[in-house]
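> Could you put the whole structure together from the sequences, leaning on the hints where they help?
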Amino acid sequence: MSEVHIINHPMIQHKLTIMREKETGSKDFRELLKEISLLMGYEVTRDIPLEEVEIDTPICKMTAKKVSGRKLAIVPILRAGIGMVDGLLTLVPVAKVGHIGLYRNEETHTPVVYYCKLPEDIQQRLVIVTDPMLATGGSSCDAIQMLKERGCANIRLMCLVAAPEGIAKVQEAHPDVDIFVASVDDHLNSDAYIVPGLGDAGDRIFGTK
1 MSEVHIINHP MIQHKLTIMR EKETGSKDFR ELLKEISLLM GYEVTRDIPL EEVEIDTPIC
61 KMTAKKVSGR KLAIVPILRA GIGMVDGLLT LVPVAKVGHI GLYRNEETHT PVVYYCKLPE
121 DIQQRLVIVT DPMLATGGSS CDAIQMLKER GCANIRLMCL VAAPEGIAKV QEAHPDVDIF
181 VASVDDHLNS DAYIVPGLGD AGDRIFGTK
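The C-terminal position of the sequence shown is numbered 209 in this note's numbering, with every residue numbered one higher than the one before it.
Hints listed in this document are in silico derivations from the structure and should not be mistaken for laboratory results. Mixed in with the good hints there might be a few duds.
[Said to hold, decoys possible] FRET-style restraints, in silico, Cβ to Cβ: (1) LYS27 with LYS61: 44 to 52 Å; (2) ARG46 with ASP121: 17 to 25 Å; (3) LYS27 with VAL94: 26 to 34 Å; (4) TYR103 with THR63: 44 to 52 Å.
[To be verified] Here are the simulated BS3-like pairs of lysine-lysine, each with C-alpha atoms no more than 30 Å apart in a straight line: (5) LYS96 with LYS34; (6) LYS22 with LYS209; (7) LYS96 with LYS148.
Please read these numbers as outputs of a predicted model, since none were measured by experiment. Glycine included, each C-beta is placed from N, C-alpha and C at the ideal position.
Spelled out as structure tokens, the structure:
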């Protein structure tokens, strides 16, 4: 069974509280999401492999450590997942970015795929799937399945807020994918929104309704 990592650093929790407030505008919401994504990125990448390399410092030669292998790919689930990319790119500027476009059918609450563009070598990378809200889990499960069908074997899901129902669905469908969240909220309401949540993340990021 995959692990759920709740990243409860005080600064993350502080910023998340401001994001939850309905008075917080799109500009502040976007900036806070970027900041939280950067902070969460430290934990998501904590165990990536290192290799020893020989370098010259201004003083002498030494053996130091660098990230080993093909490094990272970041794959946001459109559209809200885009809001988490800049924070991760600040941490890992050399990461490649793919995109998976999904939207939720408002009647069935199931995801519909409309776009998929990924780096050619994505199967050789640690893939971090980003989506601020893990609600029903349908979009995340479908995105992860699409990645697996393209040869990806090292996938992590990074969300801001999750509902227990969404976590359970991802764990059942993809028990090999660890989930990283800043908060596990109470439940989903009848419209499949997370309670207490923070509303529609895409609308709050981009100022749409």
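> Against this structure, judge whether each hint is valid.
Going down the list of hints, with the structure as the test:
| no. | hint | verdict |
| --- | --- | --- |
| 1 | LYS27 with LYS61: 44 to 52 Å | holds (48 Å) |
| 2 | ARG46 with ASP121: 17 to 25 Å | holds (23 Å) |
| 3 | LYS27 with VAL94: 26 to 34 Å | holds (28 Å) |
| 4 | TYR103 with THR63: 44 to 52 Å | holds (50 Å) |
| 5 | LYS96 with LYS34 | holds (17 Å) |
| 6 | LYS22 with LYS209 | holds (14 Å) |
| 7 | LYS96 with LYS148 | holds (17 Å) |
No hint from the list above goes unmet by this structure.
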